[in-house]
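Sequence order for the protein chains is A and B.
For the first sequence, this note's numbering gives the first residue as 1, with consecutive numbering after it.
For the second sequence, this note's numbering gives the first residue as 1, with consecutive numbering after it.
Bear in mind the hints are in silico, worked out from the structure with no lab data behind them.
Among the hints, a few may not be true.
When chains are identical, the list treats them as one kind, so a pair holds in a single copy or across two.
Simulated pairs of lysine-lysine, DSS-like, Cα-Cα distance not exceeding 30 Å [claimed, not checked]:
hint, residue 1, residue 2
1, K85, K142
2, K85, K243
3, K142, K124
4, K243, K124
There are 2 protein chains.
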Amino acid sequence: MGGAWPEVVILGGGFGGLAAARVLERARVPYLLLDARNHHLFQPLLYQVATGFLEGPAVAYPLRALLRRGRFLLGRVERVDLEGKRLLLEGGDALPYRFLVVATGSLPSDLGVPGVREHALFLKTLGQALRVRYRLLEALEKAARRGRPLDLLVVGGGPTGVELAGALAEFLRYTLPRDFPEVPAGTVTLLEAGPRLLSAFRPALGRYAEGALAQLGVRVRLGAQVAEVGEGWVRLSGGERLKGDLVLWAVGVRGNPLPGLPADARGRVPTDPCLRLVGYPEVYVVGDLNGLGFPQLAPVALQQGRWAARNLLRALREQDPLPFRYRDRGQLAVIGRNRAVAELWGLGVAGLPAWLLWAFVHLRELVGFRNRLLVFLDWAYTYLFREPGVRILPD
Amino acid sequence: MGGAWPEVVILGGGFGGLAAARVLERARVPYLLLDARNHHLFQPLLYQVATGFLEGPAVAYPLRALLRRGRFLLGRVERVDLEGKRLLLEGGDALPYRFLVVATGSLPSDLGVPGVREHALFLKTLGQALRVRYRLLEALEKAARRGRPLDLLVVGGGPTGVELAGALAEFLRYTLPRDFPEVPAGTVTLLEAGPRLLSAFRPALGRYAEGALAQLGVRVRLGAQVAEVGEGWVRLSGGERLKGDLVLWAVGVRGNPLPGLPADARGRVPTDPCLRLVGYPEVYVVGDLNGLGFPQLAPVALQQGRWAARNLLRALREQDPLPFRYRDRGQLAVIGRNRAVAELWGLGVAGLPAWLLWAFVHLRELVGFRNRLLVFLDWAYTYLFREPGVRILPD
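Same shape as in the complex, but just chain A (with noise of 0.2 Å):
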């Protein structure tokens, strides 16, 4: 590694990480900012890309262009060395710290269900995304060519769940027509373990939600825990086995912590209230990987960086860390066209006016102007024509 390094590092370019980064930014503080990826990823509307609704590039933005004074360095951490005070990297270089901020979010986690890891679809990366959408692409072509029909199954009814499922309901109802005529009718089938949909918000919205879902065609299986995930089929705890030529898995993730940090059985890191780690006042852990308890949601990991930005500038003052406190801004669930539930200063709405708050929102908080333009146009197109613009399967 030639030349001087910044004393103060990120590992991780997400919403806390890149919190992080502009305050610093703003405090004209050099840091170095590390991640195994070249571009901040805006996780929201990953299942947009995944349904080809959006183009990848439009919810991902290269890192080094958002970073003017910070310096960013693409690479791999193979271990945190707290006593040291220095990461290794991948390929044998080691890179001192004087601070670090730990940002590297969550991993899908398969709860232990066999099967899950070798045939069913995530989506928390682009990667991920791109690849649940040439897989359905892939798909919809097999089954033209025999004239059989698609059935997809969702696990999971949280808002990753509901919006994937919504979104492919969509595209299976206007896209399938125009272009596979000859592919008959499928099913998308939405399964939760528990009781209703959407369990984090107010029970009257889960309801609004699974409504909409079935107005959309979706098949909605409450009580449905998945027991085992076969080669086009699911099995659920019952015994029951559904079909599915595609299964996306929409339910569970775990801390992404690094060798060399502790961490619990879900894969957080305990921290004490100002989000330093235990024991190591200079590591500060952020947003989806942070042990003290905040659900694993955008806002989290944004606040979460941003006040362990400023406790690390106090500490460069000499002045005493501040504990966190988190804002809740409430929350947002999409479902589809002019369909969306959002919980607000204590108030449930649905239907078009959270569709409305919802799309403002996202595109409010979408990074970089020419993403926000690529967002609206390909949104405005897609509404004006009910056609998603991307359908290329890459050779």
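Dock chain B against chain A, hints included.
Coordinates of chain B only, in the frame set by chain A:
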């Protein structure tokens, strides 16, 4: 294979196959288009995908969306059974035909130079163009880590090589300092075995291209014959070794015939002047694959595809076929922002007028309204901000 299949089969959805399909659509003759890829590719702009100036889907269009009356099949042909009049598909299916249009285009050729297949990058498919982009971004990240410059080699001084070298030089000049301030300025070298660039154009335009490339910082080496390619280097026939972090092979294509079809040493299939396979008047061969000796250019493929389909319609009406006549509308090559060369109606044009003409012609020819809009927006953005938008490395 279920159901009844059309009697007319078109192999390949490039310029030639698509032009044939359109003639059949207008004549309301049912047909099947078979391709191993699900998209039509606008190859003339592929070098812009490779350098990140355009998104992949901006130059690719789903074939299904183009064929409203025809039927589409995604699949690979293993062998043409000329005697049995059927196509043997990968996976064991057989597809009978009464008439066949073969338009499978060309593949890159290594011209017998050792190491090309293993170490050089090609630019014929969307996947290859994306690979060039990813390799370029990865090489830049590696160069950033080590603080070393990046040296790029382009082999071939035809239109593709000239366009690619110009786009790479602009990429290094405008994007590099902004996104990779830690990477020292590198070089782009264009190697041409012959005595001048763009040998298919008049000599003055080749000289103009040379000057314009030099202005962009490209080192043009004429009479430089590549004898061997290795990992990170190229050896010339005189023995000289040049360093190249990436080696782009933009020289030589050979026809992409199918087992079962006769072909010459360059992979071209012999046809009569009416574009029919010698001895098999129910088989038409068009585009890069046709052995009549026309240049391997998009306009030739387009005109031959149209012509073959019209002869096919004549055969259906039991009329005699007409010998193919090529209407040469001239040729164009672009070098960079505001710089291009054109040869039209016996005139040679260089500079901004040629560039405007080039932009107009390519926008007009791009298939599909949506792509035209995307390309226009990407260009406008790049032009205004001198910044290619697509710099995402997917995982």
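Outcome of the hint check:
no.	hint	verdict
1	K85 to K142	between (53 Å within a copy, 24 Å between copies)
2	K85 to K243	neither (51 Å within a copy, 38 Å between copies)
3	K142 to K124	both (26 Å within a copy, 26 Å between copies)
4	K243 to K124	within (24 Å within a copy, 39 Å between copies)
In this structure, the one hint that does not hold is number 2.
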